[in-house]
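Hey, can you work out the whole structure from these sequences and the hints?
Chains as they are written, first to last, in our numbering: chain A, 1 to 212; chain B, 213 to 486.
In short, the hints are calculated from the structure, not lab data. Among the clues, some could well be false.
[Said to hold, decoys possible] Away from chain B, derived, C-beta distances all over 12 Å, residues of chain A: (1) Pro7; (2) His40; (3) Ile146; (4) Leu149; (5) Tyr154.
[What the hints assert, rightly or not] Pairs of lysine-lysine, BS3-like flavour, derived with a Cα cap of 27 Å: (6) Lys364(B) - Lys68(A); (7) Lys331(B) - Lys361(B); (8) Lys298(B) - Lys371(B); (9) Lys60(A) - Lys379(B); (10) Lys407(B) - Lys131(A); (11) Lys204(A) - Lys379(B); (12) Lys268(B) - Lys256(B); (13) Lys60(A) - Lys268(B); (14) Lys371(B) - Lys268(B); (15) Lys485(B) - Lys60(A); (16) Lys327(B) - Lys268(B); (17) Lys68(A) - Lys485(B); (18) Lys364(B) - Lys298(B); (19) Lys131(A) - Lys261(B); (20) Lys407(B) - Lys364(B).
Quick caveat, the model's predicted, so the values are computed rather than measured. The C-beta atom is built at its ideal place from N, Cα and C for all residues, glycine as well.
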Amino acid sequence: MPYPTDPLLLSGAWASVILTLMVYSYVLFKETPLFRFAEHTYISASLAISVIVSYGTLEKNAFIPLSKGDLTYLIPVVLGVLLYTLPFRQVRWVSRYPLAFVVGVGTGLAIRGAVHAQMVAQVLAAITLPKAPQPIDWFNFFFSLIAFLTSTSYFIFTREHVGLLKIPTKLGRYMIMLALGSYFGNTILFRMAMLSGRVEEILKVFKIIPWP
Amino acid sequence: MSKNIWSKMAEVDRRVLYWVMFIALAIPFISPIGLPVPVTETTKAVYDKVETLGPKNIALFSIAGGVSAWPEIAPSMVAVMRHLVKREVKIVVWGFFVDQDITLDMILTNVPELKTKYKYGEDWVYMGYIAGAETAVAQLASDVHAVFKADKYGTTIDKLPLMQRVKTAKDIDLVLTVDTGSYILYYIRHWNVGKGVPVAEIGIAMQADMIVYYPVNLVGVMIGVRGGAEYEKLIGRLADGTVRMDAINVSHILFIIAIVLANIGFIMVRRMKK
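Below is the structure:
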């Protein structure tokens, strides 16, 4: 595909690169008014899209059915409006009802599948012997089983971590640290992917590499 | 003098590191290195599952990631969509992010067969944005038609032949959830555990361990750019993911060097103080 000639596409690409450089001016140089400008532009643009899409959703899912006489939609609309009492101290208590509704529904839904997916299935996976096992599979099996048992033991708070509990809980703490370290490593990986995307965009717009 | 060198190694100005990183990331784009990207089991599992699907099957392509995550997830999205189209699988698209229309436009640009080879309404549909997070995912599993009355473009659901076949989760043969957050958990809880639908994830690097935590519930997980590059290799069409992996590999090598140097500097400074 050749370098874009459509003015709209081209201006969009240049705007994206200029805003990227403004944002990176913070880490590559120091905090500047350009960085602030880009930051505020990003937040306001995101907010504008959210408002437009949210209004469209409300219109489709509430206003249109209500205008057709389906009054059941009045309940969620009223609950939603009640949330806006939050900034007013004297009537703030009213906002607790829609919040309680949302939290209640959310908790109920989450628990429904969580017991199997996040408890039973994981325990089963931890104690299931590897299929067609190679030495590395056995190592993985025992390592994850020990990690599972010891890191769970770390959260036993009804007994002091001494005696029989001393070694497993200490090992469990190291296992948790390993898991968190791995998670942090993956976070770095994600940020690098994001940075590589911006670098690629800059190179494309400056015609250093071909447009896709 | 030597003390100064160790101190400098331990306390390199972050701006220097960022500049080095910025320049180093640019080099593989200008002159690709072609570092090897072996295919992992988790990506292969997603590929194998899609290979079992055909024109009679329906896949759900759920977008739960924003435009800001494109550098990480776009290669996977495009590669999987290309594979689905190649297999002539029917596709239902919906999503939970306000900017998902832009994401779909990007997919349509990269997979033009969705416009030329596929017939809208019969072979694929775009149902648009849904608010409600887990509540919406749970409700969709029970009754799709209760949530959507029309597609994104205003066509009522009864006029979309494909959607006449999709009433509940059980009518879907594979869920592919593009995910930068928790939607994978919602699909596991309500579509997999609740309805037994196979679920696969197109995720970001932070979700790399999902398959470890949910080996029973997930078909497979495509992990970030790497997942995309692996999938491109599997479908035999190298694209953005493969090119970007070079840059990411270079960044990792730099990171490891920086960590090693900083630690050597730190240890040496501490030793000298003693």
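Each hint tested on the structure:
1. Pro7: holds (18 Å)
2. His40: At about 16 Å from chain B, histidine 40(A) clears the 12 Å cut-off, so the statement holds.
3. Ile146: holds (14 Å)
4. Leu149: At roughly 16 Å from the nearest Cβ of chain B, leucine 149(A) sits farther out than 12 Å, so the non-interface label holds.
5. Tyr154: holds (17 Å)
6. Lys364(B) - Lys68(A): holds (20 Å)
7. Lys331(B) - Lys361(B): holds (20 Å)
8. Lys298(B) - Lys371(B): It holds: about 26 Å lies between the C-alpha atoms, which stays within 27 Å.
9. Lys60(A) - Lys379(B): holds (20 Å)
10. Lys407(B) - Lys131(A): holds (26 Å)
11. Lys204(A) - Lys379(B): Violated: lysine 204(A) and lysine 379(B) sit about 44 Å apart, past 27 Å.
12. Lys268(B) - Lys256(B): holds (22 Å)
13. Lys60(A) - Lys268(B): Measuring from Cα to Cα gives roughly 31 Å; hence the hint is violated.
14. Lys371(B) - Lys268(B): holds (20 Å)
15. Lys485(B) - Lys60(A): violated (69 Å)
16. Lys327(B) - Lys268(B): holds (19 Å)
17. Lys68(A) - Lys485(B): violated (79 Å)
18. Lys364(B) - Lys298(B): Holds, at roughly 24 Å.
19. Lys131(A) - Lys261(B): Given that 27 Å is the threshold and the Cα spacing comes to 19 Å, the pair holds.
20. Lys407(B) - Lys364(B): holds (26 Å)
Violation of the numbered hints given earlier is confined to hints 11, 13, 15 and 17; the remaining hints are satisfied by the structure.
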